[in-house]
Amino acid sequence: MVSAIHTINILLPVFYLLTLAVYFYDFIKGEKKLINVKRVFLFITLFLHLIYIVLRTVAFDHPPITNVFEIFTILAITISFSYFLVELVSDIRGTGPFIIVLSFIFQLISSLFIQDLVEVKDVLRSNLLGTHVISALLGYSGFTISAVYGFLYLVLYKDIKLNRFGLIFNRLPNLEMLERLSLYSAVIGFITLTIAIIIGIIWLPVAFPNFSFFDPKIITTSLVWVLYGIGITSKVLGNWRGKRLVLLTISGFLVAIISTILSNFLAQSFHSFY
Amino acid sequence: MNLLAISINHRTAPVELREALFLKKDEARSFIKLAKENLLKEGLILSTCNRTEIFGVPATSDLKHQKIQELLLNFKPAQNVNEDHFQKYFSRDAVKHLFSVATGIDSLLVGDNQVFKQVKDSFQIAEETNFAGYFMHRIFDSAIRAGKRAISETKISDGAVTVSYAAVQLTEKIFSKLNKKSALIIGTGETGEIAAKHLAGKGIGSLAVTNRTHEKAEKLAEELNAKVIPFLEFKESIFNFDIIISATSSHEILISKDDVKQAVKKRSNEPFILMDIAIPRDIDPESKKLDHVFYHDMDSLNVIVQQNLTKRKAEIPKVEKIIEEELNNFWEWYNSLQAAPAIKDLRELFEEIRSEEVDKNKNKFSSDDQEKLDIITKRIINKILHHPTIELRKNDNASGLGDASSKIGIIRDLFGLSSKQKPDKK
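Sequence lines, in order, name chains A and B.
Numbering of the first sequence is given in our numbering, commencing with residue 111 and proceeding in unit increments.
Numbering of the second sequence is given in our numbering, commencing with residue 1112 and proceeding in unit increments.
Only chain B is shown next, with the shape it has when bound in the complex (with noise of 0.2 Å):
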């Protein structure tokens, strides 16, 4: 199978390596018009923070990996990228290093599942482009189907792998629903946004933002439509939060253990729960001495976070497991795009129907004209099959996926062919 693809990701390269070759969706259009013009037949383009890949049936059967390489880096110069920063396959090893991908085990959170909607946007953006062909179609099937079935079978995307989500799951283990409950963000930096929108997208009650600089929580606060609360007197109105995350660059405590005194005395020993996710920390450890409060740093939502990728690690043979069934499915149907069993399977079907006409009406015609009978049906049937059985063997030495694969393929989705092979596995 002819089917080529080059990847640099988190294993080969380092973030800013990884940055610049980082394609935008318009990008990635113009490098599709571009890889058709010059090098390849159909393909796909996956390109996120953590991995630029390129999978691609090339136009020639010579090609090669580094003029995929090449095209790329004159599409995107990138100073210090060097051959060893991609990783390349070829055939099998392509379509399952795409299925490991979909299903997350080669993120660098295993288990990630933004790759598969990732996956899904690429191939999108491959059928915008008609860049996505007959095979691609078919792998990308296969691939969706991998990846739903890890998030299904197994539990390799459960559990928080971030410092934030960690910290809005630990809220889930006090509180039952959150949606009655009133939360505050104390810094509107990355990781006190992501809390944010982690705890927003759990349908919190309430949510209210504070920051040293007003206008970044206001911006914050529009996209999440929460409430600013001016970061200088923010502390006055702790008590009235069931959740306190705190993710800021200060120096200094924030919250003393005496302010959280005081809060939940107010909040008449309702449970408190105070994240700190800033380092260095912004509430005061020892608050966690303190009835109804649940007080927890980076280091014990780290705990969590370690806990759950160890887990998410175990289920890895599970997903390979997967993995191969699928890439044998997807074999066995590739397979079937030869051309020696395809002529085989359609003079069978052909055979199969003139049979079953000539047993129901043979009884209409003379015991003599009966014989006469099954040889004109197969006389007729061979003169119409003679020429597809003609088409299909003159490209039948031809090795990859070429224009004889994807008649054969039509050809089998055509008659129903295709429905002789094993089920696939939904």
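Same shape as in the complex, but just chain A (with noise of 0.2 Å):
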């Protein structure tokens, strides 16, 4: 079974690459008749990356959840699921390149640097330590796709300012709609994240002896709610839109990405006090 993982685990950037390829032929070329062959790509990748991720939990008696790279491997897989999922349901063509090449960088990273860890601190076990970190990466997730859609948007907006009709011009989806992505993704990130937070909140100081407030990771991850607490509260309200709220969305998400290359990196660790 280590073998099989172990081989499924250098397949994976091999098959995320070749989808990427595949959507960006697409994008730049934008026939017809590669809508189902891309999708294809995409489950046949996502469905390999489930099965590795099964077979990981099984052989090392834990799921892939206790240290970065473990991490990055179910980021990969929740963003393009995530994607897959958007893609169905909207049928919404050219912005799948974006957003697949921050899979393929996670999964490559996480590849290089996985380590086949069968010995983890029991605590590393709870379920309720699952439901906290799958939950955040699923917030962390919908904010990178709502920080892409957020990308986009600018890209286009200033293309049309600028009379720029070009490929971006042709192949993404209308400003309204970008728009509404990358705020449908933020809300969704910020729901799945309260609860990633409510449960650290909780558990976190009866897991852990040497639990602090102050920890780098609570006080980047609080701020980062907070953005987007701001962001969509004043969405709801009426006071903010277009431009301006993308902004926020993409701010909220380089605060993310700082602050986990910070805590994960530099501290060597998740949370300070493990």
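Keep in mind that the hints were calculated from the coordinates and are not lab data.
It cannot be assumed that every hint is accurate.
Now the stretches of chain A that chain B is said to cover, found in silico as 3 or more residues with beta-carbon under 8 Å [said to hold, decoys possible]: (1) 265 to 273; (2) 283 to 289; (3) 350 to 357.
Calculated from the model, a selection of chain B residues having no Cβ within reach of chain A, i.e. all distances over 12 Å [stated by the list, open to error]: (4) V1126; (5) L1150; (6) K1175; (7) D1195; (8) S1211; (9) T1273; (10) D1456.
Since the model is a prediction, treat every value here as computed from it, not as a measurement.
Virtual Cβ for every residue (Gly too), placed ideally from N, Cα, C.
With the hints as a guide, bring the two chains together.
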């Protein structure tokens, strides 16, 4: 089983790259006949990824959520799976390559550095931890997709303003749709991150004796949560829209990314207390 | 194949000459009557703002294009029209030209699918006046199939190729549902009217028009079920609209940057689309610098139009391939109308039926009688086919689209002989 895990670990970035290539080719060419082909590629990649996660969970007796490289592979699948659903539901074309590229990057980093961890602390096998981490990851996936749509909004906004009617103009959906997709992704991300924070506040102090509310991860996540909270409330109240709203989603994403890099790579752990 | 065609079109004649020879529907009907009496057995008249074309099967084999031209010029006298303004086609070239027209590659705006509908309308008139005979039906079917394939299999009709339509398509790149948006058209001249109709066609939520001459605005508003705003008051209400399309002949700026700024403020930064398709411009171009404002003028919209035209032109080889395929299919069918292959197919069919029945029943006869059965049934088939064979051979040497070809076509249809040919591409 372990050798199968190792093989799929190598194959996954290749599959994501192939899927990305098909999506990118479709973006350039805009051929109608490629719609189903690219979806098949994405489906096969997601299916392979799911098998990989199940195999890892069974083989190492814990879900792959105990360190940053395990978490990256979960991020890769949640981002692409969320996009897969968006594409099926909305039938929106042209945004796939910009999202799948993120899955490819996350999976590539994960595949390069992930290790076969059999021994993990008992506390990391807890179901509550699983729910906390999975909901936090869904939150971050939502924010990632929201930021991508926000970024595409800005690019298209600028292209239309400057009379640049090239590939971006021809392939992307309209501005209103991009804004809506960015908002919906942000709302879903906000809700799931709220769940992660609530579980964290209740469970973490009990599970970890060294728990501190001044943990950098908690502070930055709270900042990200507040930023998105302000943005979504402003949109609901009708004060913010368009460019201002997408700038906020991008800022929220950048804060989230920077906080992850700082707390995970510099501190070499997910929270400072374990 | 004896099919003639003459065409005066946007490549051969200026607009005033094309206008002079334009045939309205009633005129086309009268002209068909005249043509049937004098020159043509069957045919098709296609008349649009860009072309007047006559396709026909001559009543006599010596008929020349010149005669059809003369008939048209006598029917619709037009000064300054001469021989050079007509293109002439014969046989396969005539069919190919009709296919080129139906697919839109011969149009002034390449890929214009309006002409596809006009070809259909022309055929409708030909049918109503009994001008569309056996061959024209078949030619028309093939032309329509070529036109449909060009639209569905290529991108020949994709994208806006007029400034008015480009303006409307650009709004669709900003708003997702036009049925929830409102638009104001300033100026109800030809350009404004076309833009208003495009918006109405796209299902705009609410439409308002304003014009210096109030009556003109009212007339268009009535046609499109739109509101009318008095020209002197429209500036105060621009903030109520998501889309403003301005196409007046005013020599001064009608909407200043400050007007736009105020409107954006009142709209709480909702996107505000300003399409200035007037020359000279109606809206201060500095407005484009404002956030949430999408300002476009003729120059920027022309960029879209030119890009789309270039893309459409790149699709022409694909359409030409479709035309060639349809032309070959048509020609295969036409060739099957020659007597010799038709007689051969007919005889083969009868022989197939005969031998099948003989095989099924020969066991009911003694071995001596089986041979007789074979001989007798063959004789019966020969006798049945004798007269039709003589009749078909009579006209075997006649060329062109004559009665013999019609007879062969009918025989093929009646006995299902057409099914032996390659199936048509749908």
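Looking back at the numbered hints, which does the structure fail to meet, lowest number first? none
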